[in-house]
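Novice: Use these hints to put chain B onto chain A, whose structure you have.
There are 2 protein chains.
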Amino acid sequence: MNALPCTSLWVWPMLYGLGIINAEKSEFNEDQAACGKLCIRRCEFGIAEDQEWLTVCPEEFLTGHYWALFDGHGGPAAAILAANTLHSCLRRQLEAVVEGMVATQPPMHLSGRSVCSSDPHFVEEKGIRAEDLVIGALENAFQECDDVIGRELEASGQVGGCTALVAVSLQGKLYVANAGDSRAILVRRDEIRVLSSEFTPETERQRIQQLAFIYPELLAGEFTRLEFPRRLKGDDLGQKVLFRDHHMNGWSYKQVEKSDLKYPLIHGQGRQARLLGTLAVSRGLGDHQLRVLDTNIQLKPFLLSIPQVTVLDVDQLVLEEEDVVVMATDGLWDVLSNEQVARLVRSFLTDNREDPHRFSELAKMLIHNTQGKDDGGTEGQVSYDDVSVFVIPLHSQDQGSGGH
Amino acid sequence: MNALPCTSLWVWPMLYGLGIINAEKSEFNEDQAACGKLCIRRCEFGIAEDQEWLTVCPEEFLTGHYWALFDGHGGPAAAILAANTLHSCLRRQLEAVVEGMVATQPPMHLSGRSVCSSDPHFVEEKGIRAEDLVIGALENAFQECDDVIGRELEASGQVGGCTALVAVSLQGKLYVANAGDSRAILVRRDEIRVLSSEFTPETERQRIQQLAFIYPELLAGEFTRLEFPRRLKGDDLGQKVLFRDHHMNGWSYKQVEKSDLKYPLIHGQGRQARLLGTLAVSRGLGDHQLRVLDTNIQLKPFLLSIPQVTVLDVDQLVLEEEDVVVMATDGLWDVLSNEQVARLVRSFLTDNREDPHRFSELAKMLIHNTQGKDDGGTEGQVSYDDVSVFVIPLHSQDQGSGGH
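In order, the protein sequence lines correspond to chains A and B.
Numbering (my numbering) for the first sequence: 2 to 405.
Numbering (my numbering) for the second sequence: 2 to 405.
Next comes chain A alone, as it looks inside the complex (with noise of 0.2 Å):
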């Protein structure tokens, strides 16, 4: 398993195509990424009924595949440690579960032991299948990695969170796991597929303002729960504006009083929108002891570790040659579509069918088409942010991992 060396193009040839560029917005590269094969060693059930693992066990592996990117701010560290440590986690939880995953349909219990006949029947009714354990293992790695990061920032001394957007291969599925505002989508020739969801300030709006709610002196009196559609002043007092609150997908108007001029707990729009005027994601890792500038007001609360795993059933898919996963940091995403992206995919794919390092050099492109430099198009804007780009092709995959 490797941490990426930061300001290179890293290339494994042939099975998929990685490419990182540095915006020199700071020293270090606060992207990180990490990828490998990932090995889940299963262990024999003992032989005694109520003996546990065994410690020493056949070798036996279940194989799969793991790209991660971790789009840091704050510095670097964050982002380094998870790149150096999140899949390990995984392949621990992974591990933990394992026999549970190679069954037919998870046991209520992991040692295989049946307590009660109708056992089955009850993980059956609650549709518990095989690949929950491994979303499950997921939303667990990332909690694990999130702990991990706390406490070693803490000891070194050092500050700063990351992003963390994950795809695992494995028993022919494959698993996005997403904390934050990178994106995976699947490119196929005539179907574009979007494989995670950004978690942001503005997307998350009602889970903060809920918390906020229940907790009111989590804003210490310093920022308005409230949202309106811009920051009020005092000309606004005494007026009836548009605003919403916790429990409202609708908006409605209020009379604004003297508190709903403090500014606001999601403040900005779109790429500007912030979280307590700090930070433009609302999930991800690290960030323990982030404050608002020149208060004592925590971040942490508001920010959660806890990613969303999507499942693609790649088995289920005739694949052509084609076909891949474009991962990537809001770099990218800021400044390309998903349809922008999946055209400069598939014409980049097609003029370049015989290059053996065509995934790569398509990583390559992508991050390019960000500087204002078009090698396969004149489409997009100009990226000012870290760029990280992961190509991987499904079908290469299919051949190459081999699942269990």
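Calculated from the structure, these hints are not laboratory results.
Not one of these hints is a red herring.
Simulated crosslink set (EDC-like; lysine to aspartate or glutamate; CA at most 20 Å straight-line):
id	chain 1	residue 1	chain 2	residue 2
1	B	Lys255	A	Glu125
2	B	Lys255	A	Glu96
3	B	Lys255	A	Asp148
4	B	Lys255	A	Glu145
5	B	Lys127	A	Asp261
6	A	Lys127	B	Glu199
7	B	Lys127	A	Asp246
8	A	Lys255	B	Asp148
9	B	Lys255	A	Glu132
10	A	Lys234	B	Asp120
11	B	Lys234	A	Asp120
12	A	Lys174	A	Glu192
13	A	Lys263	B	Asp120
14	A	Lys127	B	Asp261
15	A	Lys234	B	Glu126
16	A	Lys255	B	Glu132
Specialist: Frame of chain A; chain B shown alone:
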């Protein structure tokens, strides 16, 4: 605005059909319905700059239509109060924002007075449209009605709660607001569109577990927050069993401790699922005093009165005479699927083109279908619950209501 008699079939021929049946599981029908024309008084802005709404203003009305179903539990009191109250709350909420609703774009200030020249730009950037004010009014009306019910029940020494499903036709759109497990669907010749989501302990598991995680005292040490495939017992102690917590969509295994043997916060499957062993819904009105049997544990903190609002842009549909919205309490949907209802609707309306009462006959027929009598086919099981059905033809609505 009429609260309808409880156990009779009530019909407003041509405009729409309503059927209600008392399953006689209780003396009074716990299902209640209300419907009628919604008249929203428009007031002119005051002439003097800081003048508030004129209390006497030119009588100008924005009209719409209102249909509502309330499925009571713990007695009919809350459902009756809701049927008598919610439309007044909604009218008041709509009247408070009507000037914003009729504007091309809702103004930042309800007075229309501009404080900042780029205010329209901010409103535009947030994407706030007239329909967002109706959604906000519905959300606020549910909250207001819930407060009224809480006060009235307490004052009269009564108890109970109810679900609420409301449809409002206004300015060429149909708004469907739902809190509970009733359902509304659009049935057209080639389309079934679900217009509401159900809110049950199962569909809201994560929200409910999250609240218990934040406020463990709400469970008073009597319940476990965790979900297991079945209730655990002594034999499971020390074993590793399937579970999930508030942050998980997937499943994992945990070693069973004594506290895991407590009664689960959410228990049972499907129609049998209960919140705190007590309630089958997680949203609705009332239940302010409801406690878990023989304990002091309150249900209300876990219950929300907030509806989810769906907007159907009726004006954008090329309507046919047989396009209808079917609203019904869970008694119908427990025994008939959306597809079965759509099949019954389509064949009945086709077979009864000339009948001027066909929409009310259809509502009656759907209800009879839940009673094991098949007027239209051999589909469906038998419902032992109260059942209420509205059939709303969109075509005649379109002609009949006329918007503003």
